[in-house]
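A.B. asks: Residue-level listing of the chains:
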Amino acid sequence: MEPPPMSFREKSAWISFVTILLVFIPFFWNSYRQWQGAVTGHEGVSTAFGLLLAFVVLEIVLHVIVAIRAPKEAQSPRDEREQLIDLRATRVAFYVLLVGAFAAVGMVHLTRSAWAIQQIVLLAIVLAELVRFGGQILLFRRDA
Amino acid sequence: MACAILNRIRELRAAAGDMTQQALADRIGVTRQTVNAIELGKYSPSLEVAFRIARVFDTPIDAVFQFDERA
Chain A
1 MEPPPMSFRE
11 KSAWISFVTI
21 LLVFIPFFWN
31 SYRQWQGAVT
41 GHEGVSTAFG
51 LLLAFVVLEI
61 VLHVIVAIRA
71 PKEAQSPRDE
81 REQLIDLRAT
91 RVAFYVLLVG
101 AFAAVGMVHL
111 TRSAWAIQQI
121 VLLAIVLAEL
131 VRFGGQILLF
141 RRDA
Chain B
145 MACAILNRIR
155 ELRAAAGDMT
165 QQALADRIGV
175 TRQTVNAIEL
185 GKYSPSLEVA
195 FRIARVFDTP
205 IDAVFQFDER
215 A
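In order, the protein sequences belong to chains A and B.
The first sequence begins at 1 in this note's numbering and counts up by one.
The second sequence begins at 145 in this note's numbering and counts up by one.
These are calculated hints, taken from the structure and not from any lab test.
Among these hints, one or two may not hold up.
Beyond 12 Å from chain B on every Cβ pair, some chain A residues (computed) [unchecked claim]:
hint, residue
1, ILE25
2, ASN30
3, ALA38
4, LEU52
5, HIS63
6, ILE65
7, THR90
8, LEU98
9, THR111
10, VAL131
Label-pair restraints from in silico Cβ distances [said to hold, decoys possible]:
hint, chain 1, residue 1, chain 2, residue 2, range
11, A, GLN36, B, SER188, 51 to 61 Å
12, B, ARG154, A, ARG69, 21 to 31 Å
13, A, ILE65, B, SER190, 31 to 41 Å
14, B, ARG154, A, LEU98, 39 to 49 Å
15, A, VAL18, B, PRO204, 42 to 52 Å
16, B, SER188, A, PRO26, 53 to 63 Å
Cβ coordinates follow ideal geometry from the N, Cα and C atoms, glycine included.
With the hints as extra help, turn the sequences into a complete structure.
C.D. replies: What follows is the structure, given as structure tokens:
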């Protein structure tokens, strides 16, 4: 039997996962170039803010498109299976964030650069979000 | 991962005039994907959802769900 089409929540997880990858790979590449001195601080900050703006716009536009195609599902609260999937994925993501937080603490001893510590914290948040949405996708696919 | 709870939901849907998964999902307040996962034995529903399913088919809960003794 053919599995049912993806639910709104699964599509939402895919959107966030892919959008994070699309935006934050160039974001951290830009940060690396800034660290190497290949771009000036002003250029680096402008690119970073441009990418963050692109992230917000992409998330909103793609979610609106998906919600228009399934308005009833988009407005209904998560059901018990979706809540369980969210909780399981979030639990794993928490450990990633925890490791990132310790890495940021360790970074304080290696460098006094607030910018570098900020990048480590941002990287930890982004990786944790990737694990959260990736985990949701895996769990949704496993049940399909 | 398969669960230890067997169910007759597909059979009961067929007996109820080929009720669709979506129709059942709407009546018990879950998504169609969740009904599919329950039917395939990939997800064990809460007691509340199990009772709601039984009520839709107007049958006792143990006529819908059985514990798999082999599990």
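A.B. asks: Please go over all the hints and tell whether each is borne out by the structure.
C.D. replies: Structure-based check of all given hints:
| no. | hint | result |
| --- | --- | --- |
| 1 | ILE25 | holds (30 Å) |
| 2 | ASN30 | holds (38 Å) |
| 3 | ALA38 | holds (47 Å) |
| 4 | LEU52 | holds (32 Å) |
| 5 | HIS63 | holds (17 Å) |
| 6 | ILE65 | holds (19 Å) |
| 7 | THR90 | holds (18 Å) |
| 8 | LEU98 | holds (26 Å) |
| 9 | THR111 | holds (45 Å) |
| 10 | VAL131 | holds (20 Å) |
| 11 | A/GLN36 x B/SER188: 51 to 61 Å | holds (53 Å) |
| 12 | B/ARG154 x A/ARG69: 21 to 31 Å | holds (28 Å) |
| 13 | A/ILE65 x B/SER190: 31 to 41 Å | holds (32 Å) |
| 14 | B/ARG154 x A/LEU98: 39 to 49 Å | holds (43 Å) |
| 15 | A/VAL18 x B/PRO204: 42 to 52 Å | holds (46 Å) |
| 16 | B/SER188 x A/PRO26: 53 to 63 Å | violated (43 Å) |
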